[in-house]
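Student: Sequence:
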Amino acid sequence: MSQINPGVQPPNRLPQTIGFLLLDNFTLISLASAVEPLRMANQLSGKELYRWFTVTHNGQAVMASDGLQISPDASFETAPKLDAVVVCGGVDILHSVTRDHVHWLQAQARHGRQMGAVCTGSWGLAKAGLLDGFDCSVHWECLAAMQEAFPRTTVTPRLFSIDRNRFTASGGTAPMDMMLHLIGAQHGRELAAAISDMFMCERIRNEQDHQRVPLKHMLGTNQPKLLEIVALMEANLEELIDLDELACYVNVSRRQLERLYQKYLHCSPSRYYLKLRLIRARQLLKQTPMSIIEVASVCGFVSTPHFSKCYREYFGIPPRDERSGQHSGQVLAMIPSPNEGNKNPAVMAALQRAQGESTYASVRI
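In our numbering, the protein residues as written are 939 to 1303.
Read the hints as simulated data drawn from the structure, not as lab findings. Everything numeric in this text was worked out from a predicted model, so none of it was measured. By construction, the Cβ of each residue, glycine as well, lies at the ideal position given by its N, Cα and C atoms. Be aware that a few hints might be false.
Said to hold, decoys possible - Computed Cβ-Cβ distance ranges for the label pairs, DEER-style: (1) A1169 x T1016: 48 to 58 Å; (2) H1148 x L1170: 19 to 29 Å; (3) T1016 x N1160: 49 to 59 Å; (4) P1018 x E1251: 41 to 51 Å; (5) R1037 x A1169: 38 to 48 Å; (6) E1232 x A1131: 23 to 33 Å.
Just need the whole structure built from these sequences, with the hints factored in.
Tutor: Rendered as structure tokens:
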């Protein structure tokens, strides 16, 4: 598997052909979030950098979870030679992946395709045995089920995961962030940033960003006191509440409070409180011009050195590097095969229509 530094483009790169496997009840927003950055990359560069096809096992129309029916470009038998395959999942994923899907995905992997997934599509890759020994992301509703069903796969709560020749995104708009990272690696950060601007995206989230998994989903409705304590913590990140006071607010003892956190959140109350403050600090560093001193103060840290120490221990980098983006690592590159016959007329038509836009070919690569 080839990896390249972001912004370094191999010479004579041909258009890359990506197949989107649409499962029954797939989520349309995840598909759009993955495809639209490819379209905009073509438009802003003025070149056909990417081609994409939608695929179903028999070539017949498939219904998205919102009831819209999509007619695919190809079936398993008629699909062109692909450089990457992305499984698009959605509702009722356990019953959407068939034996035919598994066999086709395994065949694609044997032919050296890059394999990806969005929303709950990671379930399909895992069922085909293609995520054994890999990190992957999946929509938070499917996290627990995947961890139980596929113990050889490392299922993470990250928005997206890029691990060697596997790339998976959790769903919603997260596929856009993932595709922007891939585009930035292959064709430069300027292009990825320009696409982000066109879609009015505040920032491109990275692999260290986690899904905000609703605590109610993790705990159910059987722990109202714990949910109430967490809500109090979230509402008081600057002026911290003492743990004894928190326990008193919900009428439990300090020891009961600590047991609840250890049993259901697998950490101490103070550690969880610190995590909330650090996550908030990270958001402020990335999304506001506030100084590091100001961020430390509004997140309840008594000194900047203490804040920096905690931040580095939790995220692996100091706050100043978080803001400057010096921690960017290597990103997967999807290497195309030299096959000019994989043209999709709809993709070419979209590029031709874009020639009238003021942004056409506005980014040099």
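Student: Would you mind marking each hint as holding or not holding in the structure?
Tutor: Here is what the structure says about each hint:
1. A1169 x T1016: 48 to 58 Å: The hint (48 to 58 Å, Cβ to Cβ) holds, given that A1169 and T1016 are roughly 53 Å apart.
2. H1148 x L1170: 19 to 29 Å: Holds, since H1148 and L1170 (Cβ atoms, about 22 Å apart) stay within the stated range.
3. T1016 x N1160: 49 to 59 Å: 51 Å, holds
4. P1018 x E1251: 41 to 51 Å: 49 Å, holds
5. R1037 x A1169: 38 to 48 Å: Holds, at about 45 Å.
6. E1232 x A1131: 23 to 33 Å: Holds - the Cβ-Cβ distance for E1232 and A1131, about 26 Å, lies within 23 to 33 Å.
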